[in-house]
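Asker: Generate coordinates for the entire structure from the input sequences, incorporating the hints supplied.
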Amino acid sequence: MVKKMSGLFIPILSVVLGLLAGAIIMLVSGYNPVDAYIALFFGVFGDSYFLGEAIRTVTPYILAGLAVAFAFRTGLFNIGVEGQLLVGWLAAVWVGITFELPMLIHLPLAILVGGLAGALWAFIPGLLKAKFRVHEVIVSIMLNYTALHVTNYIISYVLTDKLDKTNNIFETATLRSPFLSGLTDGSRLHWGIIVAMICAIIMWFILEKTTTGFELKAVGFNQHASEYAGMNVNRNIIMSMVISGAFAGFAGAMEGLGTFGYASIKGGFTGIGFDGIAVALLGGNTAIGVVLAAFLFGGLKAGALNIPVETPIPNEIVDIVIALIIFFVASSYFIRWILNRINKKGVK
Amino acid sequence: MEYVIEMLNIRKEFPGIVANDNVTLQVKKGEIHALLGENGAGKTTLMNVLFGLYQPEKGEIRVNGEPVKITNPNIANDLGIGMVHQHFMLVDPFTVTENIILGKEPSKAGKINLKDASKKVRELSERYHLSVDPDAKIKDISVGMQQRVEILKTLYRGAEILIFDEPTAVLTPQEIKELMIIMKSLVNEGKSIILITHKLKEIMEVCDRVTVMRKGVGIGTVNVSESDPNSLASLMVGRDVVFKTEKKEAAPADVVLDINGISVKDARGIQAVNQLSLSVRAGEIVGIAGIDGNGQTELVEAITGLRKTISGSIKINGKEIQNLKPRKISESGVGHIPEDRHKHGLVLDYSIGENIVLQTYYQKPLSKSGVLNYSKIFDQARNIIAEYDVRTPSEYTPARALSGGNQQKAIIGREVNRNPDLLIAAQPTRGLDVGAIEFIHKRLIEQRDNGKAVLLISFELDEILNVSDRVAVIYEGEIVAIVNPRETTEQELGLMMAGSKRMEVGGKSRG
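Protein sequence lines, in the order shown, are assigned to chains A and B.
The first sequence begins at 13 in the working numbering and counts up one residue at a time.
The second sequence begins at 5 in the working numbering and counts up one residue at a time.
These are computed hints drawn from the structure, not numbers from a lab.
Quick caveat: nothing in here was measured; it's all calculated off a predicted structure.
A virtual CB, placed ideally from N, CA and C, is assigned to each residue, including glycine.
Errors might be hidden in some of the hints.
[Claimed, not checked] Calculated lysine to any residue pairs in the SDA-like style (CA-CA distance at most 25 angstroms, straight line):
#, chain 1, residue 1, chain 2, residue 2
1, B, K33, B, E6
2, A, K221, B, Q367
3, B, K372, A, T224
4, B, K329, A, L139
5, B, K332, B, G316
6, B, K372, A, G232
7, B, K269, A, F144
8, B, K368, A, T224
9, B, K368, A, V245
10, B, K181, B, E164
11, B, K181, B, D296
12, B, K319, B, G455
[Stated by the list, open to error] Stretches of chain B that chain A covers, calculated by requiring three or more beta carbons in the stretch to come under 8 angstroms of a beta carbon on chain A:
#, region
13, 325-331
14, 347-355
15, 361-372
[Said to hold, decoys possible] Label-pair distances were calculated between CB atoms; the ranges are:
#, chain 1, residue 1, chain 2, residue 2, range
16, A, F217, B, N387, 26 to 32 angstroms
17, A, P114, B, N321, 56 to 62 angstroms
18, B, E61, A, F217, 45 to 51 angstroms
Answerer: Printed below as a string of C-alpha cells:
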C-alpha cells in the first residue's frame, strides 16, 4: 500500500515541503508568501499568454531530461547535455540561415542537423569511454566549455562579422507559428513541444521495445554479462552517448528554431542542460516521468517570472524560493528514506 | 546441560515470507555444531539474527544462560561471537597483522603499535597451530592461509563462539583437511563452533551435533554419531536423495572440441594457460580438476571468446573459432554455464524472462527487425522455467530476487535449451544444495546421452569423479594428467592437482 502510493505521494509531499521552506524564507525576509504563490500560480495559469510561455519553457527541459535519462538508463552519466545543446542550437540555426529550401525540407533538416551536431559532440566522450575507459563525466564537462566558446567564436567570426548574434533564420526553418502564438495571446509558444513529445515516445520505444534498447540497458546494468551474451559492449556505450546527445541537440534546435530564431553569443551556460539532470532524476529516468518532471520544472521557472511583477519580492528571493522547491523535489530519495524510518518505527 | 548459545523459537519475517519459523538452535560449550540446510532454508537469516543484523519478531537469545538482546554486530562481538565469512574481508596490500587489527588499532598518541600487535598475533597463531606469518602480505598468501587470517581476526577480538559460513567452498582437499584439524584444536581450547554448511561429508567428519533447517523451519537437532549422510540428506531435502548419479557407459563419437597448444594470458598479463591441448568428443563428459587459479577461468574464457589466445588453435566441429567474437562462438554451437553467475551469467536487474533470452533476443521469433516480441520472449521463458523447475513467482521477477539455485537452474535451462554441441559447465553447482546439485548433474549427463560434448570444470573432486567420463588435471595452465575416474582416487588427484605428480599426456589426448 505504502509502496503504491509513494509513486505519487512523495513527489507531491516534496513540492509541499519545498513550498513551505520557500514560505519560511519569504517570511524571514519580510514578504508575504501567500501573495508570492498566488503570483506564481497566475504566472502559469493566469492567462493564455503565461500558459503559452510556460509550455515553451517546458520544451527544452523535456528534451534535456530525456538526454540525461537515456544515458542514465544505459549506465552512463551524460553531464555534457549543456554543451551538446549549444552545438545543436548553433547547427540548427546555421541550416536555418544558410539554405533556402521549401519548409517541408528545410525545417526537418534544421532539426535533424541540430540533433546530429549534439550526437557528434556526445560521440567524443562515448568513443573515449569505449576505447580508453576515460570517464564520460570528465570528458563531457570539459566539452561543455569547449562548446560554449567554440559556438561563440563561430557566431562572431564565421557566421557574422564580429556581431553578437546571427541573422534570423528563414521563415521556412522556423518552428514558430502565428496560430499557436495567436491562440496564446502572442506568446512565443512554438511547435517544439510536439517534437519533444515525439522524442519522449521514441525514447520509450527504443528502451522498452527494441533489441537495441535491450542491449543498451543490459550493458548499463552488467557489462560482463552483456559481453558473455555476445553483445558489443563498446559499440553500445558509444551508441548510448550518441542517442543521448541527439536528444540534447534537439533541445538546442528547439531554442534556436523556436524560441529565439537565431543563435547569440553567451556569457555562460543556459543551465537547461544541467537542469536536465534534475528533471531526469525527478522523472525516475522514464520517458513519461521526464515529461511530467519537465512540466513541473518549466512551470515553476516560467511562473516565477511573474512574482516580482505582482509583488515587491525581489528576483533574488524568488530564485532562492524556486531553488528550494526544486531541492526538495529532487531530494525525494531523502524524503522516502525519512518516511521509511517513520514507518519502521511505527511498526515496532 | 550447559549451552553457550541458545536461540529459542526464533521467528523472523520479511514482507511476504517467513524466513525463520520457530527455529531453535542450542550450542553446547566446546562442540562443533553444524547448521545444515538447503540454500534459502534460512541458515544465513538465523546467523544474521545471532549477529545482530536482524531483529527477530519472536523468540529469545541466551548467551551462557543469560537472555541478551543483540541489536548490532558490535554487541555480538562484545558477547564473544565471531564470524568467519565465506567471502574474506581482507585488504590485499596490508600485512596479516594490519588486517587483524583493522578497526581496533592499538595506538599510543595516534601512533599504531604494530610490534605488540604482531607479537600477539604470533602467539595466537602458535597457540592454535595456525602457522600464519603475521608480517606476510595478504596478496602473497594462499586462500587457505587467508581463511586462517579471518579465524585469527575473530580470536584476536576475543571470540569464544566462532561461526564458519561455508568455509570449505574455496579450499582444496588438502586445505580442507587442515581446516578440520584447526577446528578440532579450537574446540579443544574451549571454543565453540557453529559450522554453516550443506556438505554432509564435513559434518560427518568433524561435527558433534547437527541442527537441520528446511524452508525456514527448524527440523530438529541430531547427534552426528547416531546419524549417517543419507538420513541427514533426506532430513534436509525432505525426500530421499541419490548421491551417486546414475549413468550409462559413455559412447564417445566424433571430436567436438579440439584445443591444440593454446596459450592465454590472464588479466594481469601473466601467462595463465600454457600450450594446453585437450579434446572433448560428442557423447562424453570431460572433467577438468584443479585448484582455483591454475588457468581454468582463462581456458574457459578463451574457448568462449571472452579472452584472446596468444597462440594455438581451438576448433569446434573442425572449424577454428579462436579469437572470434563471443556471439560467433555461441552461434557455432557452444553453450556456457559461467563460473560466476552474478558477474557473467545474469543481468540481475533484468527479469528472469529477459535473462533467459540473453543470447537469443535478436533472433526470430523473439524479435523482428529490431523490435522485441515480449509475448514470445515470456512464452519461451515460461517453458524453460517449467521444464527446469525454476522456482520464481513469475517470469517477470527480477533475477536478483531468486535464490542461487534457481538462478543457476535458469542459466542451465537457457544454455541447454539452445541445444549446443559443446556445453561448458564451469563450477555449475558452486554454493548449491544437494537437491539442486542432483538436478544439475542429471542434466549434464542427459546432454551427454543426447550425443553432446560436455566440458565440466569444478573444484569439487566429488563432482568431477561422479559426473565425468574422463578427468583432465590442470596445474599451472597445463594438463598434467588425463585419468579414468574409476581408476583413480581423490588422494591421487589431489597430488596431481598440487603439481607433485604428473603423467605423460603427450601433445594430444585421445578419448
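Asker: Indicate, hint by hint, whether the structure satisfies it.
Answerer: Results of checking the hints against the structure:
no.: 1; hint: B:K33 with B:E6; verdict: holds, 7 angstroms
no.: 2; hint: A:K221 with B:Q367; verdict: holds, 14 angstroms
no.: 3; hint: B:K372 with A:T224; verdict: holds, 12 angstroms
no.: 4; hint: B:K329 with A:L139; verdict: holds, 20 angstroms
no.: 5; hint: B:K332 with B:G316; verdict: holds, 19 angstroms
no.: 6; hint: B:K372 with A:G232; verdict: holds, 23 angstroms
no.: 7; hint: B:K269 with A:F144; verdict: holds, 20 angstroms
no.: 8; hint: B:K368 with A:T224; verdict: holds, 15 angstroms
no.: 9; hint: B:K368 with A:V245; verdict: holds, 22 angstroms
no.: 10; hint: B:K181 with B:E164; verdict: holds, 23 angstroms
no.: 11; hint: B:K181 with B:D296; verdict: holds, 17 angstroms
no.: 12; hint: B:K319 with B:G455; verdict: holds, 18 angstroms
no.: 13; hint: 325-331; verdict: holds (count 3)
no.: 14; hint: 347-355; verdict: holds (count 8)
no.: 15; hint: 361-372; verdict: holds (count 5)
no.: 16; hint: A:F217 with B:N387: 26 to 32 angstroms; verdict: holds, 27 angstroms
no.: 17; hint: A:P114 with B:N321: 56 to 62 angstroms; verdict: holds, 59 angstroms
no.: 18; hint: B:E61 with A:F217: 45 to 51 angstroms; verdict: holds, 46 angstroms
Hint compliance for this structure: no hint is broken.
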